[in-house]
Amino acid sequence: MFKISLFDNKKMMERFVILQVAIVMMTILISYKIAYLYTHIIEQDILFNIIYGILGLVGVVIIHELIHNILFRVFAKNTAKPSYRYHYGLISTHMPETYYKKWQYILIMLAPLFVLTSLLIVAFTFLSYSSIIFISSFHIGYCLFDLYFTIGLLNNNVKYVENTEQGIYYYTESPAKMHTEPK
Numbered sequence: 001m002f003k004i005s006l007f008d009n010k011k012m013m014e015r016f017v018i019l020q021v022a023i024v025m026m027t028i029l030i031s032y033k034i035a036y037l038y039t040h041i042i043e044q045d046i047l048f049n050i051i052y053g054i055l056g057l058v059g060v061v062i063i064h065e066l067i068h069n070i071l072f073r074v075f076a077k078n079t080a081k082p083s084y085r086y087h088y089g090l091i092s093t094h095m096p097e098t099y100y101k102k103w104q105y106i107l108i109m110l111a112p113l114f115v116l117t118s119l120l121i122v123a124f125t126f127l128s129y130s131s132i133i134f135i136s137s138f139h140i141g142y143c144l145f146d147l148y149f150t151i152g153l154l155n156n157n158v159k160y161v162e163n164t165e166q167g168i169y170y171y172t173e174s175p176a177k178m179h180t181e182p183k
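Under the UniProt record's numbering, think of the first position of the sequence shown as 1, with each following residue one higher.
Hint data in this document are derived by calculation from the structure and do not stem from the laboratory.
A quick note: this is a predicted structure, and the numbers were derived from the prediction, not measured.
Careful: at least some of the hints might be erroneous.
[Unchecked claim] Label pairs and their calculated CB-CB ranges:
#1 Lys159 - His40: 48 to 56 Å
#2 Glu14 - Ser83: 21 to 29 Å
#3 Ser174 - Leu47: 47 to 55 Å
[Stated by the list, open to error] Capping the alpha-carbon separation at 30 Å, the derived lysine-lysine pairs in DSBU-like fashion look like this:
#4 Lys10 - Lys81
#5 Lys102 - Lys81
#6 Lys159 - Lys81
#7 Lys102 - Lys10
#8 Lys159 - Lys10
#9 Lys11 - Lys102
#10 Lys77 - Lys102
#11 Lys77 - Lys101
#12 Lys101 - Lys159
#13 Lys102 - Lys159
#14 Lys101 - Lys81
#15 Lys159 - Lys77
For glycine and all other residues, C-beta sits at the position ideal for the given N, C-alpha and C.
Model the full assembly from the supplied sequences, consistent with the hints where possible.
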């Protein structure tokens, strides 16, 4: 078993936020380049892009966490309810004392990224407002936490995952075996 806790290390968290900002900026740039190849973008003032982008992000984050909540419940073998935690300007969903198989946790973490980004791309094809690019880019930056926690699953030894408020626990064997072994 090993644990990843990004939120306990302030210096690491600051670096991660800088990485998020860089990813958001690169995503905005790349999205504009791609969008110009396929459509005429309805340009909005940069201030409106940022304001609409942040307001849109609030709505998208609520839906994002709702998707996590639903998937945590779908794959849970108990009747526990997900809890939420607010730290460093982020809302995160946790499901303590519930263990997920590797593939289940990957699906739980990556589903909001793919579902919401796809919906925003579809919305952009009908309404080519530049603020949609900002909303999508901000959401991709927000999803870096999910990607970070998913990277720990690249370890072939990881079999189960527990998502708690203290951090993500990766188990190399069944947690039920670990808790029943005599000490």
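Hints, verified against the model:
1. Lys159 - His40: 48 to 56 Å: holds (50 Å)
2. Glu14 - Ser83: 21 to 29 Å: Roughly 25 Å apart at Cβ, these two residues keep to the hinted range, so it holds.
3. Ser174 - Leu47: 47 to 55 Å: holds (53 Å)
4. Lys10 - Lys81: Since the Cα atoms of Lys10 and Lys81 sit roughly 28 Å apart, the hinted pair holds (cutoff 30 Å).
5. Lys102 - Lys81: Answer holds: Lys102 to Lys81 is near 20 Å, not above 30 Å.
6. Lys159 - Lys81: OK: Lys159 and Lys81 at ~23 Å, within 30 Å.
7. Lys102 - Lys10: holds (28 Å)
8. Lys159 - Lys10: holds (29 Å)
9. Lys11 - Lys102: holds (29 Å)
10. Lys77 - Lys102: The hint holds at about 15 Å.
11. Lys77 - Lys101: OK: Lys77 and Lys101 at ~11 Å, within 30 Å.
12. Lys101 - Lys159: Status holds; Cα separation ~6 Å.
13. Lys102 - Lys159: Given pair Lys102, Lys159 holds - Cα atoms ~6 Å apart, limit 30 Å.
14. Lys101 - Lys81: Distance ~18 Å between Lys101 and Lys81 Cα, so the pair holds.
15. Lys159 - Lys77: holds (16 Å)
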